[in-house]
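J.: For reference, the chains in residue letters:
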Amino acid sequence: MKRKLLLSLAALVVVAGAAALGVVGWMALQPGPYAFAGGSTVPLTAYQGPSPTGAPAEFAGVDAAKGAAYITAMADCQACHTAPGGKPFAGGRAFVLPFGTIYTPNLTADPETGIGNWTDAQFLDAVHRGIAPDGSHYYPAFPYPSYTMLSDEDVLAIKAHLFSLPPVKQANKPNTFGFPYNQRWLMAIWSALFNPNERFRPAPEKSPEWNRGAYLVEAAGHCGECHTPRNLMQALDQRRKFGGATGEGWNAYNISTDKVSGVGDWRPDELAAYLSTGHARGRGVASGPMGEAVELSLSQLTGADIGAIVTYLRSVPPVKGDLPAPAGPAPATPQIAAIDNPVGKRIVEGNCASCHAWTGAGAAREEAQLTGVRAVNDPSGANVALMILHGSGAATARRPYMPGFGKVYSNDEIAAVTNYVTARFGAQPSRLMAADIARLRDAN
Amino acid sequence: MGTISVNGETYEVVAASDTPLLWVLRDELGLTGTKFGCGIAQCGVCTVHVDGVAVRSCQMLVGMVGQRAITTIEGVGDTPVGARVQKAWLDLEVVQCGYCQPGQIMAATALLAANPDPDDGAIDAAMAGNLCRCGTYVRIREGIKHAARP
Numbered sequence: 001m002k003r004k005l006l007l008s009l010a011a012l013v014v015v016a017g018a019a020a021l022g023v024v025g026w027m028a029l030q031p032g033p034y035a036f037a038g039g040s041t042v043p044l045t046a047y048q049g050p051s052p053t054g055a056p057a058e059f060a061g062v063d064a065a066k067g068a069a070y071i072t073a074m075a076d077c078q079a080c081h082t083a084p085g086g087k088p089f090a091g092g093r094a095f096v097l098p099f100g101t102i103y104t105p106n107l108t109a110d111p112e113t114g115i116g117n118w119t120d121a122q123f124l125d126a127v128h129r130g131i132a133p134d135g136s137h138y139y140p141a142f143p144y145p146s147y148t149m150l151s152d153e154d155v156l157a158i159k160a161h162l163f164s165l166p167p168v169k170q171a172n173k174p175n176t177f178g179f180p181y182n183q184r185w186l187m188a189i190w191s192a193l194f195n196p197n198e199r200f201r202p203a204p205e206k207s208p209e210w211n212r213g214a215y216l217v218e219a220a221g222h223c224g225e226c227h228t229p230r231n232l233m234q235a236l237d238q239r240r241k242f243g244g245a246t247g248e249g250w251n252a253y254n255i256s257t258d259k260v261s262g263v264g265d266w267r268p269d270e271l272a273a274y275l276s277t278g279h280a281r282g283r284g285v286a287s288g289p290m291g292e293a294v295e296l297s298l299s300q301l302t303g304a305d306i307g308a309i310v311t312y313l314r315s316v317p318p319v320k321g322d323l324p325a326p327a328g329p330a331p332a333t334p335q336i337a338a339i340d341n342p343v344g345k346r347i348v349e350g351n352c353a354s355c356h357a358w359t360g361a362g363a364a365r366e367e368a369q370l371t372g373v374r375a376v377n378d379p380s381g382a383n384v385a386l387m388i389l390h391g392s393g394a395a396t397a398r399r400p401y402m403p404g405f406g407k408v409y410s411n412d413e414i415a416a417v418t419n420y421v422t423a424r425f426g427a428q429p430s431r432l433m434a435a436d437i438a439r440l441r442d443a444n
Numbered sequence: 001m002g003t004i005s006v007n008g009e010t011y012e013v014v015a016a017s018d019t020p021l022l023w024v025l026r027d028e029l030g031l032t033g034t035k036f037g038c039g040i041a042q043c044g045v046c047t048v049h050v051d052g053v054a055v056r057s058c059q060m061l062v063g064m065v066g067q068r069a070i071t072t073i074e075g076v077g078d079t080p081v082g083a084r085v086q087k088a089w090l091d092l093e094v095v096q097c098g099y100c101q102p103g104q105i106m107a108a109t110a111l112l113a114a115n116p117d118p119d120d121g122a123i124d125a126a127m128a129g130n131l132c133r134c135g136t137y138v139r140i141r142e143g144i145k146h147a148a149r150p
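As they're listed, the protein sequences go chains Z and W. Residue 102 in our numbering sits at position 102 of the first sequence, with consecutive numbering throughout. Residue 140 in our numbering sits at position 140 of the second sequence, with consecutive numbering throughout.
Simulated from the structure, these hints should not be mistaken for laboratory data. Ideal placement from N, C-alpha and C gives every residue a C-beta, glycine not left out. Worth double-checking, as some hints may not be accurate.
Said to hold, decoys possible - Rough simulated footprint, nothing fancy, chain Z against chain W, three-plus residues with beta-carbon under 8 Å: (1) 34 to 42; (2) 47 to 58; (3) 122 to 131.
What the hints assert, rightly or not - Some chain Z residues flagged as far from chain W (calculated, every beta-carbon gap over 10 Å): (4) 9; (5) 29; (6) 151; (7) 191; (8) 248; (9) 292; (10) 433.
To be verified - Computed list of chain Z residues with no C-beta within reach of chain W, every gap over 12 Å: (11) 18; (12) 66; (13) 87; (14) 129; (15) 152; (16) 163; (17) 164; (18) 187; (19) 326.
Between the sequences and the hints, there should be enough to build the whole structure, so can you do that?
T.: Structural data, given as structure tokens:
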């Protein structure tokens, strides 16, 4: 009897172990980021076409420093490695994660607090393998599973650019992870499973433009780090590539070619305008983290490189999502009584309508159009609420100013405005409460 | 910068394309009927029409207008709806101090052009972004109804 019990217990352990292995294996043995294209790939050195790596001739050809600055912008290191209002690349920006808060380190050439003493080999190990000079492992908040695809030359060009900037003395802040997430050695196992540590492999059957786009999107731009959902092990789930995810409270929307939830119905010129200027007419304005990506990285790229990114994005297979198709124009004389939200209506009339127009079509500027915009047609309301809370940030040459209202309105009022805007101008109303707004305030 | 069309006339503009339309209208073209209020599209006093739609000229950059037709308070009386609104304003003596009234008339005219017979809800919604420190809101609403059904 006892023996039978032991045997069945052992069997249970074996089955559970096999199941766990199967789950982890299913997550680890997933397709590569651009395996969807099919066909063969070759090492960079064996590729016959024009090089998909490096800076374009109009930069690299001028001088090495210009090329290195371009490559650094391609990889958008600055957005994460700069604290709000801080010195560029000096680190200190906080990322609030479910496991604790992590602060980005100082990337300037200061020998004490930055990377001034790092050798080329150490820098390559950090960017390609996620391993620090002392042998410890970085958390994948640092997107080395994407950067691992960067060529050695490009990684060292980034180092050269960082070393050409004035060093900033600014000590790194420790993260606040609790057990077991503070066990950095666990990241060695994670890396072994999820970081292939392999450089970009061009696909000879695809066009040179597509290969350049793949390199810009997957290796340098690391778009999937925000736009691809993560699995239980926090690795990108390439089976739902570009299906949409969240970061810092913002929804990073589905950018697959799905025509309803994704960008499958965007024209190439709309994609190009959105990426290079942060705005495409009737599609909305890049805000939050995407606004930073446009400002610091995408707007710096050449027209040919933006074209390559668009070519590549349009080849990514559709991933169905649960976002509704955007509603059309809002009527000029709406059934106002049908939306029972007097607080939202009062605030929208008084504060929003003068720029966004009572029809949501935008008054004064194209950027102010609300109808047709994904964020407004997202029943979670998260991005609308964050925009109302924080505004657009300072105006730039490419982006008009929208004031933030987080300091003048309560959480109840911000929730009411968000729910009114999504109901009046979008496909499905959001149903946010004050507690949701409080959470969004904390996430940023 | 190029040319813009205001009240049916074409004007050569010297200012840079990122200059607010309001500044060009007032300082360069001398059309000072349109007023400056808050400068951040929150008060409505700078309202003009671009292709018949009410916009805040303090936030619209002159370079964004293109060849679309701009109508200001100086020209709105030449349109049938604008003339009716101005007459209603005089008949009911809507104005008190008057500073906000160019914007109120432009907003009211755009509303009536799009919706010839608005109810109170539609009037309140369309006019909500136009502030009046004298508090003539009740007379403004009556003026719009009077202009709709003269």
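J.: Work down the list of hints and note, for each, if the structure agrees.
T.: A quick look at each hint next to the structure:
1. Only residues whose beta carbon comes within less than 8 Å of a beta carbon in chain Z count, and the region 34 to 42 of chain W has 3; three or more means the coverage holds.
2. With 5 residues having a beta carbon nearer than 8 Å to a beta carbon of chain Z, the region 47 to 58 of chain W meets the requirement of three or more and the stated coverage holds.
3. Interface restraint, the region 122 to 131 of chain W with chain Z: holds (6 residues with C-beta to C-beta distance below 8 Å; minimum three).
4. The Cβ of residue 9 of chain Z lies farther than 10 Å from every Cβ of chain W, with a closest approach of about 70 Å, so its non-interface assignment holds.
5. Every Cβ of chain W is farther than 10 Å from the Cβ of residue 29 of chain Z; the closest lies at roughly 52 Å, confirming the non-interface assignment.
6. The claim that residue 151 of chain Z lies off the interface holds: its Cβ sits roughly 40 Å from the closest Cβ of chain W, which is beyond the 10 Å cut-off.
7. Residue placement check: residue 191 of chain Z keeps its beta carbon more than 10 Å from all beta carbons of chain W (closest about 48 Å).
8. Once the 10 Å rule is applied to beta carbons, residue 248 of chain Z is consistent with being away from chain W; the minimum gap is 27 Å.
9. With a least CB separation of 22 Å from chain W, residue 292 of chain Z remains clear of the 10 Å interface cut-off, as annotated.
10. Every CB of chain W lies more than 10 Å from the CB of residue 433 of chain Z, the least distance being 26 Å, so the non-interface label holds.
11. For residue 18 of chain Z, the condition that its CB be more than 12 Å from all CB atoms of chain W holds, with the nearest at approximately 63 Å.
12. No Cβ of chain W approaches the Cβ of residue 66 of chain Z within 12 Å, the least distance being about 27 Å, so the stated non-interface status holds.
13. Annotated as non-interface, residue 87 of chain Z keeps its C-beta farther than 12 Å from every C-beta of chain W; the closest such distance is 29 Å.
14. With a minimum CB-CB distance of about 47 Å to chain W, residue 129 of chain Z clears the 12 Å threshold, and the non-interface call stands.
15. Residue 152 of chain Z, annotated as away from the interface, keeps every beta carbon of chain W farther than 12 Å; the closest lies near 43 Å.
16. Distance check on residue 163 of chain Z: its Cβ is at least 36 Å (rounded) from any Cβ of chain W, clearing the 12 Å threshold; non-interface status holds.
17. For residue 164 of chain Z, the condition that its CB be more than 12 Å from all CB atoms of chain W holds, with the nearest at approximately 32 Å.
18. Taking the minimum C-beta to C-beta distance to chain W, about 48 Å, the non-interface status of residue 187 of chain Z holds against the 12 Å cut.
19. No Cβ of chain W approaches the Cβ of residue 326 of chain Z within 12 Å, the least distance being about 22 Å, so the stated non-interface status holds.
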